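Work out the full structure: start from the sequences and follow the hints.
Those protein sequences? They're chains S, L, Y and F, same order as listed.
In terms of the numbering used here, the first sequence is residues 42 to 430.
In terms of the numbering used here, the second sequence is residues 42 to 430.
In terms of the numbering used here, the third sequence is residues 16 to 154.
In terms of the numbering used here, the fourth sequence is residues 16 to 154.
These aren't lab readings, by the way, just hints derived from the structure by calculation.
Predicted model only: the values in this text are computed from it and were never measured.
By construction, the Cβ of each residue, glycine as well, lies at the ideal position given by its N, Cα and C atoms.
Hints are not guaranteed to be accurate.
Taking lysine-lysine and the DSBU-like style, the derived pairs with C-alpha atoms no more than 30 Å apart in a straight line are [claimed, not checked]:
| # | chain 1 | residue 1 | chain 2 | residue 2 |
| --- | --- | --- | --- | --- |
| 1 | F | K105 | L | K417 |
| 2 | L | K210 | S | K260 |
| 3 | S | K102 | F | K35 |
If you want the ones that stay clear, here's a sample from chain Y, every Cβ over 12 Å from chain L, calculated [unchecked claim]:
| # | residue |
| --- | --- |
| 4 | N27 |
| 5 | I62 |
| 6 | K67 |
| 7 | T91 |
| 8 | E112 |
| 9 | E122 |
| 10 | S134 |
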Amino acid sequence: MDFIYLDNNATTPLNPVVLESMLPFLKEDYGNASSVHELGRRARTALEKSRGQIADLFNAKPEEIIFTSCGTESDNYAILGTAYLPENRHKQIITSKIEHHAVLHTVEFLEKQGYPAVYLDVDENGIIKLDQLEKALEKETSLVSIMYANNEVGSLQPIEQIAKMCNEKGVKFHTDAVQAFAKHPVDMSKIPIDMLSLSAHKIYGPKGVGAMYIRKGVKLFRLMHGGHHEKNKRPGTENVAGIVGLATAARRLQNNHEEENKRLSLLRDKLQTALLNNIPDCYVNGMNAARLANTLNIRFDYVEGESILLHLDMEGICASSGSACTSDTLEPSHVLLAMCVPKERAHGSIRFSLGETNTEEQIDKVIDLMPTLIKKLRSMSPLGHKSNK
Amino acid sequence: MDFIYLDNNATTPLNPVVLESMLPFLKEDYGNASSVHELGRRARTALEKSRGQIADLFNAKPEEIIFTSCGTESDNYAILGTAYLPENRHKQIITSKIEHHAVLHTVEFLEKQGYPAVYLDVDENGIIKLDQLEKALEKETSLVSIMYANNEVGSLQPIEQIAKMCNEKGVKFHTDAVQAFAKHPVDMSKIPIDMLSLSAHKIYGPKGVGAMYIRKGVKLFRLMHGGHHEKNKRPGTENVAGIVGLATAARRLQNNHEEENKRLSLLRDKLQTALLNNIPDCYVNGMNAARLANTLNIRFDYVEGESILLHLDMEGICASSGSACTSDTLEPSHVLLAMCVPKERAHGSIRFSLGETNTEEQIDKVIDLMPTLIKKLRSMSPLGHKSNK
Amino acid sequence: MYSEKVMDHVRNPRNVGEIKDPDGYGMVGNPCCGDVMEMFLKIENNIIVDIKFRTFGCGAAIATSSMVTEMIKGKTLEEALNVTNKQVTKALDGLPEQKMHCSVLAEQGIRAALYDYYSKHNLPVPEGLKQSKTVKCAD
Amino acid sequence: MYSEKVMDHVRNPRNVGEIKDPDGYGMVGNPCCGDVMEMFLKIENNIIVDIKFRTFGCGAAIATSSMVTEMIKGKTLEEALNVTNKQVTKALDGLPEQKMHCSVLAEQGIRAALYDYYSKHNLPVPEGLKQSKTVKCAD
Ligand SMILES: Cc1ncc(COP(=O)(O)O)c(C=O)c1O
Ligand SMILES: Cc1ncc(COP(=O)(O)O)c(C=O)c1O
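Shown next, in the form of structure tokens:
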């Protein structure tokens, strides 16, 4: 079956050019980057070249980049690594209600350990409220962690303003840029971000590799202990092939981001308009936010998200539901709830996240299919129509 | 240049069959294992199949296996995860002087945090002393962490006895089996190991993926926070291709380990005998230990290890030095020092670690080359011969 | 995640819809939890001669509802009362752990509809049967 | 890890060996640290006419020793005294950070050999020049 893959915020296909760049390190150049011999030096060279390439994308120094195993690890390291510094023990940490669980659960964990935590509200478009941040910053704070772009609705946060507010107060600022990296370039010489997390598998790179930007001079308490890898900040034999793939993917995307963002937003807007026009009682979550070009989070009253997904799946269409459907709770998406979407409506939300493999024909097929599908599911639903018992 | 790769304890070439098994997940089956659609389900199926395969190798249950990003992470999680449990705060931890830095530095870190730590001595063959362990266990202890096989000299520890001693005392036992996994099978229904660390890139699998065996009922304090992946024990989007590669590599090797261990030890012994016979003032570190079949750690008086390595490298021979040559210290290998090798001799140690790609012709070439090389370096050395000033 | 059987029921849910003037009717679940189920029964001579359901819920909710209707159609009321969520789950070749709660809903739906039948027809309500209610969403 | 220049000197170290009856001789370093260097000087008319070294040490030790002998051969003693480990490192296109300490040894070796020359010939020892010693390994 040919899939129509509209779940690029969950993970992306590995781009063939990226895979190509990885293959030498999965084949003949298999050395350990710490080895002194030629095979080790080749690995080291590739590693440091990749580091330089990522640094360049941020207009940063190579030594400000370290490689990790994923976005989650980067987020954990930034937050735990800051909070655990002796001078930061039990100081306040500020984040938002719409962070990815990698940030949210880490801050909640610290809160249980006795760190005061503030979870900033968002408006109905999924954008944090700067005046709330301003106020929260009046209390002594060690770290502010606000995501660059939200993974569920795509809302872009006012990162530059946040960074400057934190910087003025001397508070460290971390941003989870897993969804924005290489799509929304950041110039670190202009924006005072202290730490930034990214992950390869969201930008057509491989799974299991991430990175962190850590501004020179920013100290972190170690998360893991071992060898002297990664400037003594992250032990473990480096995943050379993965890191090369990350760098290739990042350069590819960032070099082409304007064009690709334009193409994606045209497709996304076409899908959005068609669904809104052709299906009654349907609404876009975060409609008026500055959004990632590829993201459409849309809700259909009276039907449940997963059942939509499964029916789309039968047609080879891959999308995702707003609700944390694999978690153990019955709670709908914490992001949608923070945006004040009523619970039963949050359950009926679907995320279409487009990517570089999507074509207009694919979008047209989804546009064709959705009205019938929603109608079928609504006919099965006890909600939204009076049944004659 | 055709390399003679004798650095398999640092990292191994990725076996082509293993790469083949990974490729579908680097190409068409790119889904996120948490996604509900077909591509997600394929990833999930592959993931759980791999988990089951690894569990089978241990005669364990699939839910006792979690995947991590490397051996270092597994070691850290086992040790920090045990020590940080509220009931284990500031209880004694026992390890050995010859552990990999992933274990040693983690325990040293905990020691600085106020945890009493015991570092067991080893004899001149690199085997820990059980009576010392017995004695140390008299004090209340939360965890014993002893490696299965040492990476530098290959010495195999008496794991079964250690496990039983710990078990009798109700003390948790972790073993870093990064070097032994799939080469020395472990039946978890017979040996009471509580946790075991392993890494794919030491067994012809990919870099950047590891795993842990965690016996059912053994609790760990979380190292990272985020999504509900890996039975809620390790967050982050799973590296499906890497995990499939790990499982393929492990099965391949374990199924064939007897034959391959025999082949490697014949080659290793041939090399060992020839060097001992043809080069004066040269000694095998850990000569009389039960050792990994592939490992030969040998020292040459009056010459420094790295200079040997570089000269071997010029001939396309990849080996490694006993000393931690990429670290910032001038200290020679902590393992050799623990084995009471004098410092200046520790500096002259070389590790040849063989692997599945090595042939007898390659070993013969090394045997041919070494005597001349050592002679040349000794002629350059101020040590070991009286100079007529 | 889901078994082939589950996916088959999601694709082609059996007995979906409503019965006008049902002999027994039940509605259980909570829209806030993304899970509401309606069950319609037609009963003749103590036998369930027809059964229909509607659901607002996930794949597991659809499949368990659909499966339970298949399992009790044509059965006596007593037989129907003995159907458990475990049996339903088993008939579907299992459910993911985090979806097990959905299977409870199918059992509850049947029991609510049977309660409705017994009480509307002034029959003695078997022990343990209670009127089930859907909870309104109070955000 | 090492530059091409370093590797070239490791492959073909210049001026390796010893000089019988040297005019200046120095030995620095510590075998426990895996780093010992001997320097032999032949001096005529205040000029270093020949120089040889021996080393027990890593690639960086070999390369810096070799390079420093090339740099000062044919130079006056004053010129030789002015050669710093920084210049040696630069001439080798740099060294890995953790190997920088090795470059100090080359400078020290030269200075020890010059000290030896000045003092043996009853010449005034330039300021800052001290006799360097190798430390015995005391395990
Ligand atoms: C015994 C031992 N433990 C742990 C490790 C660390 O494994 P990794 O490089 O996968 O983090 C290694 C190898 O580097 C090892 O040899
Ligand atoms: C915003 C955001 N942060 C963090 C992560 C975690 O990244 P990873 O899966 O690489 O751990 C994700 C995706 O899963 C994400 O979308």
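Results of checking the hints against the structure:
For the proposed pair K105 of chain F and K417 of chain L, the alpha carbon gap of about 27 Å is at most 30 Å, so the pair holds. For the given pair, K210 of chain L sits about 41 Å from K260 of chain S by alpha-carbon distance, which is inconsistent with the 30 Å threshold. The suggested pairing of K102 of chain S with K35 of chain F is violated, with an alpha-carbon distance near 51 Å, which exceeds 30 Å. The beta carbon of N27 of chain Y sits about 17 Å from the closest Cβ of chain L, which is more than 12 Å, so the claim that it is off the interface holds.
The non-interface label for I62 of chain Y is consistent with chain L: the shortest C-beta to C-beta separation is roughly 38 Å, beyond 12 Å. With a least CB separation of 26 Å from chain L, K67 of chain Y remains clear of the 12 Å interface cut-off, as annotated. For T91 of chain Y, the requirement that its beta carbon stay farther than 12 Å from each beta carbon of chain L is met, with the minimum near 37 Å. Distance check on E112 of chain Y: its Cβ comes as close as 10 Å (rounded) to a Cβ of chain L, failing to clear the 12 Å threshold; non-interface status is violated.
Distance check on E122 of chain Y: its Cβ is at least 24 Å (rounded) from any Cβ of chain L, clearing the 12 Å threshold; non-interface status holds. Here S134 of chain Y stays apart from chain L, with its beta-carbon at least about 39 Å from theirs, past the 12 Å limit.
When held up to the earlier numbered hints, the structure conflicts with 2, 3, 8 and fits the remainder.
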